[in-house]
Amino acid sequence: MNDLQKEELTKILHECMEACNHCYDACLQEEDVNMMANCIRLDRECADICGFTEQALQRDTPFLEELLKVCETVCKACADECRQHSHDHCRHCAEMCDRCAEACRSYQGM
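Using my numbering, the letters of the sequence shown map in sequence onto residues 434 to 543.
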């Protein structure tokens, strides 16, 4: 992976982490928080794995391939959950998670 690709992936991971953190916080403010429980949980999982993968990428981890696979899986799950809700923050999070999952998939094996 060249420096430009690394920079692009870092940006996407960071933006996804931010979207998930925003969705997490906004879900906690929703009227029926219990209905949002799975979304909240997946937002946290996704933000954490994106943040960790971003940091590991910067360290040139030898486990990048494995982390990208896990990150792709978690991003897909978070996007699927967020799509079940009509809130703007959930829709935005789903879009960012889809984008991040695609980036993780495309950078695997590089």
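If you are wondering where the hints come from, they were derived from the structure by calculation, not from laboratory data. Computed from a prediction, not measured in an experiment: that's the story for all the values here. Watch out, some of these pointers could steer you wrong.
Here are the simulated BS3-like cross-link-like pairs (lysine-lysine), alpha carbons at most 27 Å apart as the crow flies [claimed, not checked]:
#, residue 1, residue 2
1, K509, K444
2, K439, K509
3, K502, K444
4, K439, K502
With beta-carbon atoms standing in for the labels, derived distance ranges [stated by the list, open to error]:
#, residue 1, residue 2, range
5, H520, E478, 26 to 32 Å
6, Q462, N435, 37 to 43 Å
7, D436, Q517, 36 to 42 Å
8, E528, A470, 19 to 25 Å
9, D465, L437, 43 to 49 Å
10, R538, D481, 15 to 21 Å
11, E441, L461, 29 to 35 Å
12, E478, S539, 30 to 36 Å
13, N467, Q491, 36 to 42 Å
14, L461, D493, 32 to 38 Å
15, K444, E464, 32 to 38 Å
16, D493, V466, 15 to 21 Å
17, V503, K439, 17 to 23 Å
All C-beta atoms in this analysis are idealised placements derived from N, C-alpha and C, irrespective of residue type, glycine included.
Whether the CB-CB distance between E528 and A470 falls inside 19 to 25 Å: Because 22 Å falls inside the window, the suggested range holds.
Satisfaction of the hinted span 26 to 32 Å by the C-beta atoms belonging to H520 and E478: violated (19 Å)
Agreement of K439 and K509 with the hint, judged by alpha carbon distance not exceeding 27 Å: holds (21 Å)
Supplied distance hint 37 to 43 Å, evaluated on CB atoms of Q462 and N435: holds (41 Å)
Pairwise beta carbon distance, E441 to L461, judged against the given window 29 to 35 Å: Holds: the Cβ-Cβ distance is about 31 Å, inside 29 to 35 Å.
Given pair status - K444, K509, alpha carbons within 27 Å: holds (18 Å)
D465 paired with L437, Cβ distance criterion 43 to 49 Å: holds (44 Å)
Pair hint outcome, K439 versus K502 [Cα-Cα no greater than 27 Å]: The hint holds at about 16 Å.
27 Å Cα cutoff - pair K502, K444: The given pair, whose Cα atoms are some 18 Å apart, holds under the 27 Å limit.
N467 paired with Q491, Cβ distance criterion 36 to 42 Å: holds (38 Å)
Hint check for S539 and E478 - Cβ pair distance inside 30 to 36 Å: With a Cβ separation near 22 Å, E478 and S539 fall outside 30 to 36 Å, so the hint is violated.
Range hint compliance [Cβ, L461 to D493, 32 to 38 Å]: Given range 32 to 38 Å: holds, Cβ gap about 36 Å.
When the structure is compared with the earlier hints, violations turn up for hints 5, 12, 16 and for no others.
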